[in-house]
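Visitor: Top to bottom, those sequences are chains Y and F. Under our numbering, the first sequence has 279 at position 5, and the numbering climbs by one with no breaks. Under our numbering, the second sequence has 640 at position 97, and the numbering climbs by one with no breaks.
Bear in mind the hints are in silico, worked out from the structure with no lab data behind them. Any given hint could turn out to be false.
Here are the in silico distance ranges between beta carbons for each label pair [what the hints assert, rightly or not]:
1. Y:T288 / F:S557: 44 to 52 Å
2. Y:G290 / F:E607: 46 to 54 Å
3. Y:Y284 / F:G559: 34 to 42 Å
4. Y:P313 / F:Q588: 14 to 22 Å
5. Y:R337 / F:T649: 18 to 26 Å
6. F:S595 / Y:R283: 32 to 40 Å
7. Y:S301 / F:A597: 27 to 35 Å
8. F:G551 / Y:Y284: 25 to 33 Å
9. Y:G314 / F:L563: 23 to 31 Å
10. Y:S296 / F:N604: 27 to 35 Å
No residue lacks a Cβ here, since even glycine has one placed at the ideal position from N, Cα and C.
Here is what each chain is made of, one letter per residue.
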Amino acid sequence: KAGVTQTPRYLIKTRGQQVTLSCSPISGHRSVSWYQQTPGQGLQFLFEYFSETQRNKGNFPGRFSGRQFSNSRSEMNVSTLELGDSALYLCASSQGSRVSSYEQYFGPGTRLTVT
Amino acid sequence: AQSVTQLGSHVSVSEGALVLLRCNYSSSVPPYLFWYVQYPNQGLQLLLKYTSAATLVKGINGFEAEFKKSETSFHLTKPSAHMSDAAEYFCAVSDSPTGNQFYFGTGTSLTVIP
Chain Y
275 KAGVTQTPRY LIKTRGQQVT LSCSPISGHR SVSWYQQTPG QGLQFLFEYF
325 SETQRNKGNF PGRFSGRQFS NSRSEMNVST LELGDSALYL CASSQGSRVS
375 SYEQYFGPGT RLTVT
Chain F
544 AQSVTQLGSH VSVSEGALVL LRCNYSSSVP PYLFWYVQYP NQGLQLLLKY
594 TSAATLVKGI NGFEAEFKKS ETSFHLTKPS AHMSDAAEYF CAVSDSPTGN
644 QFYFGTGTSL TVIP
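This is chain F alone, in the form it adopts within the complex (with noise of 0.2 Å):
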């Protein structure tokens, strides 16, 4: 069974600093890896997506992420925080090549101090 773990369910920042969430997940395939964003009282909004090409990924809003299959890792990286950035973040991941079955972690939470 595929598996995501996000460590640190809640990571404060102070703006401009660096923001690093990190994700780790399990997978007896090559995995579908993503990132997503959720601010208050709204859906989730793709933030970037891992599919087997480059090993690093460039999402919208500043936000990168590196596959590392050595680490089975996929962390979330943004040079410069930004106020706009405090929100849910989730890492998800999906196997399956027949359909769309993702597993999300349990998120981690971004406060960004002024």
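Just chain Y, same shape as in the assembly (with noise of 0.2 Å):
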């Protein structure tokens, strides 16, 4: 079974463009997580979706947002990129419906560099 998949592996953006990543999950997996993770903040979670609706969110502002497609498939879109948001941006999926089965499975990352 493929595991999960991000694209782009590496971005390289300047400060005010926007970005949008992309997490295609494991097979049959219907929840997808977003985290933000950075030497100073660690990581932090963005949000959770699940069955095409955002079912958790972190504390980030709305410059974050995300979807998920009706094939799980799911993007977040970071718009008006601060330095700040340089981070390598980490997707996870999971089965998603009961608590026995929250294993989840992370994606590579994508390295994300404002400049």
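With the hints as a guide, bring both chains together as one complex.
Guide: Here it is as structure tokens:
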């Protein structure tokens, strides 16, 4: 079974631009979560989507948004990029419907650099 | 709010020695606890999880963790360290019965000395 894939793996953007990151979950997984990982703040939860609906949301500004498609693939968008948005963005998928299946499988991440 | 504290951002052990990585959690409800490992330039891999079954949880690669409610701890151990264990380890807590909202610790970097 293929793992979680994220595209692109690396991105360089300029302040003020916007960016869209993509995540394809493991086949059959309906939950997709997004995390931001930085050396200073560690891993921070952005949001989770389940069956095309945002089910949980972390404490990030509205510049960070996401969506999930009917095939469970998810995208996250960051608008008006700031230098502080430079980070590794990780996507994780899980079956999502039962606590016992809350094993999250992480993708390799997208490294975003904002200059 | 839930939170996780990992004591020691860097831990060094000799090859063959005991590995002990500490994790304390704060949760107002029975938590679900996890340990993940991250190798350089990779995503996170689940080592083990506690979801209110047995308090001693065995994971992959010889790791195990014990849930101690009285101490609000979920420390990760491995009897004998291998060079391949060198990585970043994250403890995480989730208390959401309706979704995956995980709170991660700041991570512990494990160095294994030959």
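Visitor: All hints are to be evaluated individually against the structure, with a verdict given for each.
Guide: How the hints compare with the structure:
1. A beta carbon spacing of about 47 Å between Y:T288 and F:S557 agrees with the range 44 to 52 Å that was offered as a hint.
2. A hinted range of 46 to 54 Å holds for the C-beta pair Y:G290 and F:E607, which are about 49 Å apart.
3. Distance hint check: the CB atoms of Y:Y284 and F:G559 are about 38 Å apart, consistent with the given range 34 to 42 Å.
4. For the pair Y:P313 and F:Q588, the supplied restraint of 14 to 22 Å holds, since their beta-carbon distance comes to about 20 Å.
5. Between Y:R337 and F:T649 the beta carbons are some 24 Å apart, a value that agrees with the proposed interval 18 to 26 Å.
6. Under the hint 32 to 40 Å, the C-beta atoms of F:S595 and Y:R283, about 37 Å apart, fit the expected range.
7. Between Y:S301 and F:A597 the CB atoms are about 30 Å apart, so this pair conforms to the stated range of 27 to 35 Å.
8. In this structure the supplied range 25 to 33 Å holds for F:G551 paired with Y:Y284, their Cβ-Cβ distance being about 31 Å.
9. The supplied range of 23 to 31 Å is met by Y:G314 and F:L563, whose beta-carbon atoms lie about 26 Å from each other.
10. Between Y:S296 and F:N604, the C-beta spacing of about 30 Å keeps the proposed range 27 to 35 Å intact.
In the structure shown, no violation is registered for any of the earlier numbered hints.
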